[in-house]
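Here the protein sequences line up with chains H and P, keeping their order.
Per my numbering, the first sequence starts with residue 1, numbered consecutively.
Per my numbering, the second sequence starts with residue 1, numbered consecutively.
Everything labelled a hint here was simulated from the structure, so no lab data went into it.
There may be inaccurate statements among the hints.
Since the list gives no way to pick one copy over another, a pair counts as held whenever it fits inside one copy or between any two copies.
Simulated pairs of lysine-lysine, DSS-like, Cα-Cα distance not exceeding 30 Å [what the hints assert, rightly or not]: (1) Lys210 x Lys16; (2) Lys210 x Lys33; (3) Lys121 x Lys16; (4) Lys210 x Lys232; (5) Lys24 x Lys125; (6) Lys89 x Lys232; (7) Lys89 x Lys24; (8) Lys131 x Lys33; (9) Lys210 x Lys89.
Listed below are the residues making up each chain.
Protein chains: 2
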Amino acid sequence: MENFEYSIPTRILFGKGTEEQAGKLIREYGFRKVLLHYGGGSVVRSGLLDRVRESLRAEGIEFAELGGVQANPVLGMVRRGIQMCLEEKAELILAVGGGSVIDSAKAIGDGAGNPDTDVWKYFLKEAVPQKAVPVAVILTLAASGSEMSDSAVITNEENGLKRGFGSPFHRPLFALCNPELTFSVSRFQTGCGTVDIMMHTLERYFGWTKDSSVTDRLAEGLLKAVIEAGRKADQNPEDYEARAALMWAGSLSHNGLTGLGRAYMMQVHQLEHELSGMYPRIAHGAGLSALFCSWARFVCPAAPERFAQYGQRVWDVEMNVENPMETALAGIQATEEYFRSLNMPISLEELEVEPERFEEMAEKCTNFGARTLPGIRELGKEEMLEIYRMAYPRR
Amino acid sequence: MENFEYSIPTRILFGKGTEEQAGKLIREYGFRKVLLHYGGGSVVRSGLLDRVRESLRAEGIEFAELGGVQANPVLGMVRRGIQMCLEEKAELILAVGGGSVIDSAKAIGDGAGNPDTDVWKYFLKEAVPQKAVPVAVILTLAASGSEMSDSAVITNEENGLKRGFGSPFHRPLFALCNPELTFSVSRFQTGCGTVDIMMHTLERYFGWTKDSSVTDRLAEGLLKAVIEAGRKADQNPEDYEARAALMWAGSLSHNGLTGLGRAYMMQVHQLEHELSGMYPRIAHGAGLSALFCSWARFVCPAAPERFAQYGQRVWDVEMNVENPMETALAGIQATEEYFRSLNMPISLEELEVEPERFEEMAEKCTNFGARTLPGIRELGKEEMLEIYRMAYPRR
Numbered sequence: 001m002e003n004f005e006y007s008i009p010t011r012i013l014f015g016k017g018t019e020e021q022a023g024k025l026i027r028e029y030g031f032r033k034v035l036l037h038y039g040g041g042s043v044v045r046s047g048l049l050d051r052v053r054e055s056l057r058a059e060g061i062e063f064a065e066l067g068g069v070q071a072n073p074v075l076g077m078v079r080r081g082i083q084m085c086l087e088e089k090a091e092l093i094l095a096v097g098g099g100s101v102i103d104s105a106k107a108i109g110d111g112a113g114n115p116d117t118d119v120w121k122y123f124l125k126e127a128v129p130q131k132a133v134p135v136a137v138i139l140t141l142a143a144s145g146s147e148m149s150d151s152a153v154i155t156n157e158e159n160g161l162k163r164g165f166g167s168p169f170h171r172p173l174f175a176l177c178n179p180e181l182t183f184s185v186s187r188f189q190t191g192c193g194t195v196d197i198m199m200h201t202l203e204r205y206f207g208w209t210k211d212s213s214v215t216d217r218l219a220e221g222l223l224k225a226v227i228e229a230g231r232k233a234d235q236n237p238e239d240y241e242a243r244a245a246l247m248w249a250g251s252l253s254h255n256g257l258t259g260l261g262r263a264y265m266m267q268v269h270q271l272e273h274e275l276s277g278m279y280p281r282i283a284h285g286a287g288l289s290a291l292f293c294s295w296a297r298f299v300c301p302a303a304p305e306r307f308a309q310y311g312q313r314v315w316d317v318e319m320n321v322e323n324p325m326e327t328a329l330a331g332i333q334a335t336e337e338y339f340r341s342l343n344m345p346i347s348l349e350e351l352e353v354e355p356e357r358f359e360e361m362a363e364k365c366t367n368f369g370a371r372t373l374p375g376i377r378e379l380g381k382e383e384m385l386e387i388y389r390m391a392y393p394r395r
Numbered sequence: 001m002e003n004f005e006y007s008i009p010t011r012i013l014f015g016k017g018t019e020e021q022a023g024k025l026i027r028e029y030g031f032r033k034v035l036l037h038y039g040g041g042s043v044v045r046s047g048l049l050d051r052v053r054e055s056l057r058a059e060g061i062e063f064a065e066l067g068g069v070q071a072n073p074v075l076g077m078v079r080r081g082i083q084m085c086l087e088e089k090a091e092l093i094l095a096v097g098g099g100s101v102i103d104s105a106k107a108i109g110d111g112a113g114n115p116d117t118d119v120w121k122y123f124l125k126e127a128v129p130q131k132a133v134p135v136a137v138i139l140t141l142a143a144s145g146s147e148m149s150d151s152a153v154i155t156n157e158e159n160g161l162k163r164g165f166g167s168p169f170h171r172p173l174f175a176l177c178n179p180e181l182t183f184s185v186s187r188f189q190t191g192c193g194t195v196d197i198m199m200h201t202l203e204r205y206f207g208w209t210k211d212s213s214v215t216d217r218l219a220e221g222l223l224k225a226v227i228e229a230g231r232k233a234d235q236n237p238e239d240y241e242a243r244a245a246l247m248w249a250g251s252l253s254h255n256g257l258t259g260l261g262r263a264y265m266m267q268v269h270q271l272e273h274e275l276s277g278m279y280p281r282i283a284h285g286a287g288l289s290a291l292f293c294s295w296a297r298f299v300c301p302a303a304p305e306r307f308a309q310y311g312q313r314v315w316d317v318e319m320n321v322e323n324p325m326e327t328a329l330a331g332i333q334a335t336e337e338y339f340r341s342l343n344m345p346i347s348l349e350e351l352e353v354e355p356e357r358f359e360e361m362a363e364k365c366t367n368f369g370a371r372t373l374p375g376i377r378e379l380g381k382e383e384m385l386e387i388y389r390m391a392y393p394r395r
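Just chain H, same shape as in the assembly (with noise of 0.2 Å):
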């Protein structure tokens, strides 16, 4: 195990009715001036904003609004917060939504928090704040566990880089997680925070530290109650209990518990940042989806029983003790089995990729050559290409 700090301090108020004690909230911390931060569509037609702003204004909150954030966040819109954000004096941001307008949220605290900085440098990676305005969130969507995790990944629509970064200042005060909220998403979209929500943990799992006993249980146990809440919400959109599995697990996925003592890289992440970034088109649970199980296939071979313990302790495939490739490889299909039960694409060509542009993602995935990622396997431009590849046909 590896030396780590642990530091959450997220407040999560979790289960029905608990949106409604946003302004109640907002009022006990002391805030009086808000942006209100949200997508559109489905919070304005659900009535869940007119409920927020009635709780706002309940309390005597004060709020400016800025909605339309579009999936795979973009740099203009984030722009635009920070702009208003510092016109309006805004003390907090309420995000409402699911992780793209989370994630702008934090983009925004970041550059109204310093207002002499250009917020991209922080994606960059070449500044780091040291202050922000902070962010609350009314949760509509189990996937990225934005609400709870330390990192925000935005899209500069310039040159299509999507690029992410971690900050202590990125872990919203409070979160207000109400799974019913989530019983309107679509069956294409919950399986993209199914996904999502296995990725997080399963990228940490597959770090390369090899002992992590208690972080090893929890990840194999979070993952055994994803797949199952997986099903059954695909199955059944208004099961409460799938639903609060989801939301549950997706928030603790990604706030670093999975991964306590491990050392990782995302690598399937930055691979699927390249897709995304550069086909905004494409949902980050169906890239991940469509990406993961070639990586897993293409980095198994450096660590086979750390992907047999996977198949056996996550997906019950009996130990080969002889040939720990076999149970591994049959973990590996079980997990692509699943994702296709769940309607998610496990090839590139189903999310019409151009291969003749994996190139330029892999390009990019470098950093324009400045990087290789470590992993188990480490991968540099070549490794990218033939995963890029891999992934390809439609199987």
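Starting from the known structure of chain H, fit chain P onto it as the hints suggest.
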């Protein structure tokens, strides 16, 4: 799943050498005067205490000292600590030790933060602290989880009443957790710690909420990791990975995580508190070990499926779908054999408890007729007596 609130702000620095950072961290937080609180024996002999003093001096932090905390910490010591805290104007209490020292420090913090209220009133639940002097921890024992929990348990030595209560102010500000500091823990204390850690998760697991798939899976995974690590640490006290697993599992098992979304009442802990309250020579973990399986056999007929799930998932007992009671009892039996393998007592006779005092213990456990304990099966005085009697004979 029940609605829940998650709020665990304690910052953990986990791993080798973390205790060296005490002085530096305390200075970063801005504290200048500290009450250094500890037990005796091993922290002195090992030189740890000297290293802590040095770490404080190196950062120019003033400190007063109060050592001598015993297992099952007592109110008298707490009162002395409160007086010292007030006299010395201590801004932080630094607990160096295990659960007894940490709990004593928390109670001192409650009292010193509210000098106009008698601290025992909080334990009798006649008052609620509105503030407290904060506590930080250098952990030397994997057991209580007090380094991250909101609870504190103190014995009033004047009447033998052992009482605990939870408060958000009881969450330590930070805890430095170096598993190497537990290498010297005796085989007996390691067994007590392993049982205590398991019990913190088991008591939540055997609450009465039916659906909580994520929490269930986390609990089951944690238990599996603890069972394995407890065995390894018993056989090789200097197995770093085993000691690290026990230490981190100890913190997670009582910080709330393994009970989120579940309704529960820690019945075995309540039964045990009367035991070690009346016989302070009995270690808490040993008392739990002697009581748990009898308690489980007593309440099991009210929820055989739950106990069967435990047997299957934690102990790999084959599920008997026709007769889950069989699987349930096999799981309890496996637990008992495991406790025995760690040289832990599995009967009250081994602990030389006098059966003629069961009546008094049960009476105290009902707070003299003022309460019953809700659970899978509600426990009144008669049921408590029955469990004490079942737990008596040596097996």
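Hint by hint, here is what the structure shows:
1. Lys210 x Lys16: Intra 40 Å, inter 17 Å, cutoff 30 Å: inter-copy only.
2. Lys210 x Lys33: Neither: 48 Å inside a chain and 42 Å across chains, both beyond 30 Å.
3. Lys121 x Lys16: neither (39 Å within a copy, 35 Å between copies)
4. Lys210 x Lys232: between (33 Å within a copy, 17 Å between copies)
5. Lys24 x Lys125: So Lys24 and Lys125 pass the 30 Å test across copies only (27 Å; inside, 37 Å).
6. Lys89 x Lys232: Neither. Shortest intra-copy (44 Å) and inter-copy (57 Å) distances fail the 30 Å Cα cut-off.
7. Lys89 x Lys24: within (20 Å within a copy, 36 Å between copies)
8. Lys131 x Lys33: both (18 Å within a copy, 28 Å between copies)
9. Lys210 x Lys89: Neither way: Lys210 and Lys89 sit 49 Å apart in one copy and 47 Å across, limit 30 Å.
Consistency note: the structure conflicts with the earlier hints numbered 2, 3, 6, 9.
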